[in-house]
Amino acid sequence: MKINELCKALGADVQTPGDGEREVTQVTAGDLLSFVMGTAPEGAAWVTIQTHLNVAAVAVLKDLPLILIAAGRKATPELKLRCEEEKICIATVGETIYGICGKLAELGLGE
Amino acid sequence: MAEPVSLEYKIEGNDYMVAGAASNNIKNTLKMLGIESDVCRRAAVVTYEAEMNLVIHAGGGILKALISEDKIELCTVDEGPGIPDIGKAMTEGYTTASDHAREMGFGAGMGLPNIKRNSDVFEIESTPGVGTQLKSTILFQK
Ligand SMILES: Nc1ncnc2c1ncn2[C@@H]1O[C@H](COP(=O)(O)OP(=O)(O)OP(=O)(O)O)[C@@H](O)[C@H]1O
Ligand SMILES: [Mg+2]
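Protein sequence lines correspond, in order, to chains A and B. One point on numbering: in the numbering used here, the residue at position 22 of the first sequence is 5, and numbering is uninterrupted. Adding 1 to a residue's 1-based position in the second sequence gives its number in the numbering used here.
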């Protein structure tokens, strides 16, 4: 599914659009950076409640083009700026991590 | 590649806002040199974890990358507090990260295991009160 379609389907508040046309088929979820670093598949969407700048560092190095911030949290200004520079889409969703992952599963995305 | 490419970065301690800048620079250099993507991916994990350990645990240090014809060698040297029990530090889940670091998502205790898993050769030496040296080698397939 394309990133912009996915954000729309989730009713996400897009903070930086990134590459909206890029396809995403896999999802990772977690708030511990080294856990995501060690386990996330390249190109996956990442669901987290972390909003700190280091989220961008992990997303860039693992090539994760979509960061979905759960529970209505907003990206910090530094994170937003870095994601703009790196063309990463960052979007806020009101639901919990569980709620978002459930919806992503319904939309056909896998692990 | 005719001559080996050598990169060196001074990493400041406790500066969380630099956020993997050196790792990113190394990854971009590897890509530019046309190094195979699996090696780039593994090197990215190794450098990021090593860089952040310098920031979080060591009060800073030096991160070096030496890219030659058949491998990349990634090293860190620091004069931090050292690691009293390396076996323990290598155990997944073991961490001494501060509450402040944990709030930002550090402290899974997975950094060193991630480095080891992504290295073909992994060496770590540490002397409490003196510092820590880490070396990771990734061999090219082709
Ligand atoms: N350069 C270093 N100097 C001193 N201690 C270190 C150094 N690197 C690692 N350690 C020690 O080893 C432990 C395990 O390191 P590791 O990178 O695996 O996990 P972490 O940094 O605590 O958490 P994570 O990397 O998952 O965010 C650290 O908590 C710390 O006690
Ligand atoms: Mg670590």
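Do not take every clue at face value.
[To be verified] Coverage of chain B stretches by chain A, computed from C-beta distances (three or more under 8 Å per stretch; other residues unrestricted): (1) 23 to 37; (2) 67 to 76; (3) 100 to 109; (4) 133 to 141.
[As the list claims (entries may be wrong)] What follows is a set of in silico ranges between Cβ atoms, one per label pair, in the way DEER data are often shown: (5) B:ARG118 - A:GLY26: 31 to 41 Å; (6) A:GLY77 - B:LYS72: 16 to 26 Å; (7) A:GLY77 - B:HIS101: 48 to 58 Å.
Simulated from the structure, these hints should not be mistaken for lab results. As the structure is a prediction and not an experimental result, all values here were calculated from the model. Using N, Cα and C, we set each Cβ at its ideal position, and we do this for glycine too.
Q. Are there hints from earlier that the structure breaks, and if so, what are their numbers?
A. 2, 4, 5, 6 and 7
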